[in-house]
Amino acid sequence: MPSINLSGAQKNYGVNSANAVSNLDLEIRDGEFMCLLGPSGCGKTTTLRMIAGLENLSDGEIRIGERLVDSVRSGVFIPPEKREMGLVFQSYALWPHLTIERNTDFGLRLRKLPKAEREARVEKVMQALDIAKYRDRYPSQLSGGQQQRVALARMLAVNPGVLLLDEPLSNLDARLRLEMRAELKRIHKEFKTTIVFVTHDQWEAMTLATTIAVMNEGTLQQMGTPNDIYDRPANRFVAEFVGSPPINILTFGSSAASQLSLAAEAYLGARHPSLRGIGSVGIRPEAIGYSVKCEDVPAGGFSGEMTVTGVLPTGGSWILELRNDSDTLFLTTNALPRVETGSKVSFFAPPEALHVFDKGGQRLTEADALLRKNTLN
Amino acid sequence: MLRSKGKSMALLSETAKAATLPDVATTPTAWQRWRYRAKVASREPTTLIGVLTALLFTYLIVVPIISIVLDSVRVQFGHERRLGKDFGELTLYYLDRAFLSPVSVDLFWRPLLNTLSVALGAISLSLVIGTVLAWLISRTDMFGRRWFATALIVPYMLPAWTFALAWTTLFKNRTVGGQPGWFEAMGLTPPDWVAYGRFPIIIILALHYTPFVILLFGSALRRFDSQLEDSARILGAKRYQVALQIILPLMRPALLSSMVLIFAKCLGEFGVPYVLGLPVKFEVLSTSLFRSIASRQTGVAGVVAASIMLIGIITLMIDARLVREARRFVTVGSKGSMNRQSRLGKYRLPATGFAALIFLLSVGLPLLTLFLSTIMKLPAQFTLDNFTLDYWIGRDLHTVALQTGVLLSPDLWAAAKNTLMIVGLASLTSGILGLLVGYVVIRTPVKALSVYLRQVTFLPYLVPGIAFAAAYLSLFAVPRGPMPALYGTVTILVLALIADQMPYASRAGISAMTQLGKDPEEAAQISGAGWFRRMFLIVIPIQKGSLVTGVLLPFISGIKGLSLFVILAVPSTDVLTTYSLRLVDYHYTQAANAVVLIIAAIAYLGTLAAQKLTKTNLAEGLGS
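Those protein sequences? They're chains F and Y, same order as listed.
Last residue of the first sequence: 1109 in the numbering used here, with the numbers rising by one and none dropped.
Last residue of the second sequence: 776 in the numbering used here, with the numbers rising by one and none dropped.
Read the hints as simulated data drawn from the structure, not as lab findings.
Don't take every hint at face value.
Claimed, not checked - Calculated pairs, DSS-like style, for lysine-lysine (alpha carbon to alpha carbon, straight line, at most 27 Å): (1) F:847 <-> F:865; (2) Y:390 <-> F:844; (3) F:844 <-> F:917; (4) F:814 <-> F:847; (5) F:856 <-> F:924; (6) F:814 <-> F:844; (7) Y:191 <-> F:814; (8) F:814 <-> Y:670; (9) F:921 <-> F:814; (10) F:814 <-> Y:599; (11) Y:498 <-> Y:390; (12) F:814 <-> F:865.
As the list claims (entries may be wrong) - Which bits of chain F does chain Y cover? Going by a derived footprint, with three or more residues having C-beta under 8 Å, they are: (13) 829-842; (14) 856-866.
Ideal Cβ positions, reconstructed from N, Cα and C, are used throughout, including at glycine.
Can you build the whole structure from these sequences, using the hints too?
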């Protein structure tokens, strides 16, 4: 199974228009389940289509394994039909005039496999995806979830080295989505395919991927394991895009009136002089604890006193909205909060839960070590 | 782990560094870009097919039009001596003759005035009838609304001059020879102004084009959201205020658009003024053009044809503007849109009567008259011994020519065969070309090609058929380069028909390909299918339906079309329409009417069949 390598990949529609994808370096290793994650219009689908060959490049090159399949400067372009990939479209794109069996069989027929082998392979994927009983139906006679399975089966039948998925779950209802997620994980194991998966849904990315590549405005923001992305976001965009409810961000020096920002700035400055006057700090809601009594607050963390202005149950957990005159802070808790709106509480966050960003919004990696080291002391 | 240079600004992460690299140095050269794009474009034949079709249509559409425009400013064959110049030299003689000379009144100005007056009359009348009918059909509880919705469109499916022939059958007077009209035969001589000329032409064109108004205005009415009315009512507007201030302004684009389209159609209408105008020398632009061609005045014909084209192009550009304006009026919130019916109350029955009357006048009466005329020996004599089937299936009739009933006449079958072959071949070709054009327009990475193809195939739509036929005559009547002279051949008819039908065919192809979207084809591509396999395994099977319509619709309009054939056909290439016109000229009224009935039946049944096949209401597509 090959790896996929994009280097300096660029796409614009017309020389003067903005880049849909700019200067993208991406390596997708063999057997990986890679998620391209980002808001709509961030270039993730364009990237996927460039890999498939459905979109040509404006600059840069793409390699599959050792084979150069696309390069503007060397004038190489291998058309999609010769790239031996699978792609599941967001719309599924089943061929309406062919039965489910013929849809599944299509790629195998093109490869001129002997009939017996074709039948065996079609049977195997149809069984694996539980669509064998619909073999003689037409796509319009199936539900969305079933069509989705056919779209997958059609691509898996030819056993592609790389399977590309373009938001395949976005048209399904919540329950089907959950089932299909499990299904995809199983397929990834069973067929040992390299999967590249495009989604704007962070939950999907977190639960499925072995590696996540976060994109925004055509550029790669961060690439890493789901835990990396969540625990060590490379910049403010990643920090704010991933996580729900979103991370609390306190920006320094932007508005003098923000008491919480001033307090955080003072706290960081006290930890280490080099952290004084730095851009901003983020704290995830679940990393913040609270207590009704001041004396229960653990020492050494970032803490303060605020008023509870909202208790929002989300089923099994709660979101607390805290306010002072200038700031709003969200925290989540899994224990039933025994506080009333209007009452005062103390919040606290351990130093290692603070994500420090410079003025350009990039993560200050040095700060992590500093904050952790100081905690150990 | 703070490094020595540990100022905060130096603490950039990897991605930030990459982003700040200068872009300029890394752009590929123009040559590299071009080579890569050529590589992408050349890997499949889409672009090649696009270039070939673009060349074909340049030859079939653009070149004839240029040729006839040039005819109007160059010395034509036979005029060398009079003008003292060589054949082909530049001259203003024809422009002068058509626009300024003493004969210009007969050649151009009076026909222009007549065209305008006929068009305006037809537009006003069809607007009055059409808007009322459209409202009754789409917004009231009139009896039989659904039935009327289809029935009132039928006049448009029939050839316009069907009505002209029915009219002469009824109102013909002694001005013209041959069998007298029914009123004449009953002793009531209709005056010339009733029998011929402006008045009947206006009535007939109005009845023929009323379906336009019903379709365009009706669909605008149906889309109109009743909640807009309700909001005004709730704010205290009276019924008439709602009608004047809300409904009318929003309907204006649809009304203007149907006016403009009717005008464009009237401009090219040939059969009706030919049958009804000629006896009293009432000429419109199209008949004037025909006369110039028939008398070999190719230079003047060029001027008149170019003028018709110019008026047609201006008109349809106005329409395009109106459509754009109409788009501004597309009201938001289609989700909650409601179409509430008005209750007619005590007017319910009279309203239904009105619709029924219009149907009778525009469909029932003409067809019945035509049919009766073909089975009666003497006009308007309703006795049993006067009825006969001789004109259909008789033998050994005592006439100079056509001694058998029309169904037994070999001429009819020859014409039918020609029609089927010429129109069939042209429709099949234009249907396939239309799908190809649609494919290329949507898929080619070369944008200029897509734009050019879209526009060049639309061009004939702007040019009335008769002017287009004149253009073909001008280009292909004499041998040019490797092309032999095509006049009198089947080829010229087929080529002209293909070009004439391309606007509809390419539009159908483009919209079919737009609807299909890229996904099914791309999925096949990913599965390993090259261009030809994708074409034959995916695109064509999915587009089967629209391909059939793309062939059938041009076929129907080709069968009832007259203006192209009347200029380009000769007796050996007679089609049904020109055959019936020839019979009219020879005053074989019954036979002519019988042929027209056959054409009407084919056109009507063909439309129904297309409707069934595509499971859509084609009547709604005819308006565009």
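Review point. When you check the alpha-carbon spacing of residue 856 of chain F and residue 924 of chain F, does it fall within 27 Å?
Key: Cα-Cα ~15 Å, so holds.
Practice item. Would you mind confirming whether the straight-line C-alpha gap from residue 814 of chain F to residue 865 of chain F stays at or under 27 Å? Key: 32 Å, violated
Review point. Keeping to a limit of 27 Å between CA atoms, is the pair of residue 191 of chain Y and residue 814 of chain F held or broken?
Key: 15 Å, holds
Review point. Is it true that the CA of residue 498 of chain Y sits at most 27 Å from the CA of residue 390 of chain Y?
Key: 21 Å, holds
Review point. Does the alpha-carbon distance linking residue 814 of chain F and residue 599 of chain Y stay inside the 27 Å limit?
Key: Judged against 27 Å, a Cα distance of about 25 Å means the pair holds.
Check your understanding: Would the pair residue 844 of chain F and residue 917 of chain F pass a check requiring their Cα atoms to be no farther apart than 27 Å?
Key -> It is violated: about 30 Å lies between the C-alpha atoms, which goes past 27 Å.
Point to revise | 27 Å limit on alpha-carbon distance, applied to hinted pair residue 921 of chain F and residue 814 of chain F | key: Holds - the C-alpha atoms of residue 814 of chain F and residue 921 of chain F are around 25 Å apart, at most 27 Å.
Review point. Three or more residues of the segment 856-866 of chain F near chain Y by CB distance under 8 Å?
Key: Not satisfied, violated; 0 residues make the cut.
Practice item. With a C-beta cutoff of 8 Å, work out whether three or more residues of the segment 829-842 of chain F approach chain Y closely enough for the coverage to hold. Key: It holds, with 4 qualifying residues against the three required.
Review point. Holds or violated: residue 847 of chain F with residue 865 of chain F, Cα cutoff 27 Å?
Key: 20 Å, holds
Review point. Does the alpha-carbon distance linking residue 814 of chain F and residue 670 of chain Y stay inside the 27 Å limit?
Key: Cα-Cα ~18 Å, so holds.
Exercise for review: Mind checking the alpha carbons of residue 814 of chain F and residue 844 of chain F for me, to see if they're no more than 27 Å apart?
Suggested key: With a Cα-Cα distance of about 15 Å, the restraint between residue 814 of chain F and residue 844 of chain F holds, given a limit of 27 Å.
In summary, the numbered hints that this structure violates are 2, 3, 12 and 14.
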